[in-house]
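Visitor: From just these sequences and the hints, can you work out the full model?
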Amino acid sequence: MSSCSDEAIPGQPIVLGCGQLCLDYLVTVASFPIPDQKIRGTSFKVQGGGNTGNALTCVARLGLPCRILAKVADDSHGRYMVEELESSGVDTSFCMNAKDGASHFNYVIVDNQTNTRTCIYTPGYPPLLPDDLTESLLFDVLDGVKVLYVNGRSREAELLLAQKAHSKNIPILINAEKKRTGLDELIALADYAICSTNFPQEWTESPSSPSALLSMLIRLPKLKFVIMTLGEHGCVILERCSSGEFSLFTIFQWSQTHSSFMYMLTSCA
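UniProt numbering puts the sequence shown at residues 1 to 269.
A few of these clues could be false.
As the list claims (entries may be wrong) - For lysine-lysine, the following BS3-like pairs were computed, each having C-alpha atoms within a straight-line distance of at most 25 Å: (1) K168 / K146; (2) K168 / K99; (3) K164 / K224; (4) K222 / K178; (5) K179 / K164; (6) K178 / K224; (7) K146 / K222; (8) K168 / K224; (9) K99 / K38; (10) K146 / K224.
Stated by the list, open to error - Simulated restraints, written as ranges between beta carbons of each label pair: (11) G63 / A102: 33 to 41 Å; (12) E83 / R180: 24 to 32 Å; (13) K99 / E232: 25 to 33 Å; (14) Q37 / T134: 47 to 55 Å; (15) N112 / E245: 35 to 43 Å; (16) V46 / M96: 22 to 30 Å; (17) N169 / S206: 40 to 48 Å; (18) E156 / Y121: 19 to 27 Å; (19) D74 / R40: 33 to 41 Å; (20) D143 / E202: 15 to 23 Å; (21) N112 / S76: 29 to 37 Å; (22) S76 / D132: 18 to 26 Å; (23) R180 / G231: 43 to 51 Å; (24) G63 / D36: 28 to 36 Å.
By construction, these hints were calculated from the structure, which means they are not laboratory data.
No experiment lies behind these values; they were computed from the predicted model shown.
We put the CB at the ideal spot given by N, CA and C, even for glycine.
Guide: What follows is the structure, given as structure tokens:
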């Protein structure tokens, strides 16, 4: 997350994201170091991160109103992340402060040679729990929402929120990064899925990526399309057509998050 966004477009659908926030310490290197090597970084930056924060920052930059539901430690890192989201145009009024908590943080090594990033994270506490989500909070946070974003990091709380959204016919987008305990219940409620390169094969145990994407749409009848990100090469999308057939196409060399949200949001319109 960084920089300011355009102002939200009046009358556009509200996107709600639920998940964890993380503070990223990003260092860029010419090439990834070998063990016991000392190298010089080419740039360094500290900024908010985490899939939910990054996704909503992207949504705000697209000019859409969005809000986040999360539990944030009441420390300097937590306050910094919330302020950064607010400066990007994300509604943080549903962020809960944990007085005795500690923020998640993440060391990120960006390799310019391979265009990859390696993350070393330290979990924070306490997590967002179902007990935090009262009926009145669920009613308020879902008011006016047209799309719910989840990723399974706070699985039990996200599942409760997703079930409530499902009962209100609010489309659900899941960002499936890797197999997690209990993720199956959450992904079964999803209308749209954005997956890491490896997730489709790991989750379906299929022999290839194309067969894994097809298997996901077959196993998950509610799913309208699945996107598999391909790093610097863009992403692949398999969509369920109204005729019952499937359409496969690729987006090359475009920001993965940007392209995924653009496609998903236009599909929801």
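Visitor: Now tell me, hint by hint, if it's right for this structure.
Guide: Right, here's what the structure says about each hint:
no.: 1; hint: K168 / K146; verdict: 10 Å, holds
no.: 2; hint: K168 / K99; verdict: 33 Å, violated
no.: 3; hint: K164 / K224; verdict: 20 Å, holds
no.: 4; hint: K222 / K178; verdict: 20 Å, holds
no.: 5; hint: K179 / K164; verdict: 23 Å, holds
no.: 6; hint: K178 / K224; verdict: 20 Å, holds
no.: 7; hint: K146 / K222; verdict: 17 Å, holds
no.: 8; hint: K168 / K224; verdict: 18 Å, holds
no.: 9; hint: K99 / K38; verdict: 38 Å, violated
no.: 10; hint: K146 / K224; verdict: 16 Å, holds
no.: 11; hint: G63 / A102: 33 to 41 Å; verdict: 34 Å, holds
no.: 12; hint: E83 / R180: 24 to 32 Å; verdict: 29 Å, holds
no.: 13; hint: K99 / E232: 25 to 33 Å; verdict: 42 Å, violated
no.: 14; hint: Q37 / T134: 47 to 55 Å; verdict: 52 Å, holds
no.: 15; hint: N112 / E245: 35 to 43 Å; verdict: 42 Å, holds
no.: 16; hint: V46 / M96: 22 to 30 Å; verdict: 23 Å, holds
no.: 17; hint: N169 / S206: 40 to 48 Å; verdict: 31 Å, violated
no.: 18; hint: E156 / Y121: 19 to 27 Å; verdict: 20 Å, holds
no.: 19; hint: D74 / R40: 33 to 41 Å; verdict: 36 Å, holds
no.: 20; hint: D143 / E202: 15 to 23 Å; verdict: 36 Å, violated
no.: 21; hint: N112 / S76: 29 to 37 Å; verdict: 30 Å, holds
no.: 22; hint: S76 / D132: 18 to 26 Å; verdict: 23 Å, holds
no.: 23; hint: R180 / G231: 43 to 51 Å; verdict: 21 Å, violated
no.: 24; hint: G63 / D36: 28 to 36 Å; verdict: 48 Å, violated
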